[in-house]
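Student: Sequence lines, in order, name chains X and G.
Per this note's numbering, the first sequence starts with residue 2, numbered consecutively.
Per this note's numbering, the second sequence starts with residue 17, numbered consecutively.
Treat the hints with care, as some may be off.
The list that follows gives simulated cross-link-like pairs (lysine-lysine, DSBU-like), each with its CA atoms no further than 30 Å apart [what the hints assert, rightly or not]:
| # | chain 1 | residue 1 | chain 2 | residue 2 |
| --- | --- | --- | --- | --- |
| 1 | X | Lys45 | G | Lys170 |
| 2 | X | Lys82 | X | Lys58 |
| 3 | X | Lys79 | G | Lys51 |
Pairwise CB distance ranges (calculated) [said to hold, decoys possible]:
| # | chain 1 | residue 1 | chain 2 | residue 2 | range |
| --- | --- | --- | --- | --- | --- |
| 4 | X | Phe41 | G | Gly219 | 50 to 58 Å |
| 5 | X | Gly170 | G | Asp109 | 56 to 64 Å |
| 6 | X | Gly101 | G | Tyr249 | 48 to 56 Å |
By construction, these hints were calculated from the structure, which means they are not laboratory data.
Fair warning: this is a prediction, and the values are worked out from it, not measured in the lab.
All residues carry an ideal CB built from backbone N, CA and C; glycine is no exception.
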Amino acid sequence: MITITGDKICTLEEFLPGENTYEYDGEVISTVVGIPLKDFSTRKVHVKPFNEIPIIKEGDKVVGKIVDVKYPAIALVKIIKILNKKRFVASIPYGVLYVGNIKNEAIIDIRKEIAYGDIIIAKVIYAGKVPVQLATNEEDLGVIYAYCYNCNLPLKHHEENKLICENCGRIELRKISKYYGRGDII
Amino acid sequence: MKIGKPERMIINGKRLDGRGLYDLRPIKMRVGVLKNADGSSYLEWGGNKILCAVHGPRELHPKHLAKPDKAMLRCIYSMATFSVKERKKPGPDRRSIELSKVIREALENVIFLHLFPQTVIDVYIKVLQSDGGTRCASIVAASLALADAGIPMKDLVSACAAGKVDGEIVLDLFEIEDNYGEADLPVAIVPKTGEIVLLQMDGNLTKDEFKKALDLAISGAMKVYELQKKTLYERYGERYETER
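One chain only, chain X, in its complex shape:
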């Protein structure tokens, strides 16, 4: 069974309005096109939309670009999208990456882990405030694309946490994701 925008799902005596619903004249009405889901533990009815609007939540993996690095401890990230979702995020797309959340080791200088212009995959660890807090302390999280500081060309993966510029030979350090260089996964 599906409901469309403006459809009556049930009366207020049966269930309370949950996500994507509202109450009008003693009836619970759907606000989106989707599937109604009745939660008997909370006595609420929700509607799961067919075309969901992505909103950043805790636990989501996001793709972002580093727009500022504040020595010694903070990087500001502009979130481009939630991983594996087609639509752009419907909230203020900024996140903060603290030095302690970059990896599970002590970091002396944030500039040796991340740099301006890097594309990263990060996990949202707190979404209660804007900007949201991000972390990259897992194997699949970290930098997936980076550019050379000298010649602004894409860097290639060289060793464990080292990237090399094929043009000038410069070696740069990063917290690299295991998906480095793979644009297809986003």
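Given chain X, work out where chain G should sit, using these hints.
Tutor: For chain G alone, coordinates are given in the frame of chain X:
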């Protein structure tokens, strides 16, 4: 090139296109027609052909326009150069700007904009072919595209026009009646709550004629509403069956 005014527009109770006084033109609706838009719809209403796309909610540029407590709704109504008999000069003009405004104000009443602060929802309406009554058709198409985009709304917005032709109140005016009729009354409603979200009038009607025309337009809008619901059920019913 405009067609000259016909001597009579109602002959033996029939209008020039063969309809009765209270008949709607044939309507066809489709949703999800554009791959790259978040939501889209295509509407054929008599000779009107309208394509509508919705993007968002997404980050708003320029950022100083962003509202801290709600999303901004931007509607852009435009007519294709080939949509009318004489070439329409491209770009916004006085009429397009007015229609964009009235459509936006009609839709703002139903969308839960407070759920997406500091963002924008863009609604692009393109009239591919015009045959009178495009503002009502645009509202219907935009409402379907918004529903297709998954944007939370109180209800769909439905619209229809009534008017006065040869001294008779008629429903759903087409181009000739629109140009040479005595009055035109486009109405948009929210069927669930019965609110009127658009009411404009061009021409003169007496108080009784106005009441009759308003009731007729609302009854027409209710018929269109049923078609809107049917379109969404068909589209998403199929998807639901295939996903199950």
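Student: Need the list of violated hint numbers for this structure, in ascending order.
Tutor: none
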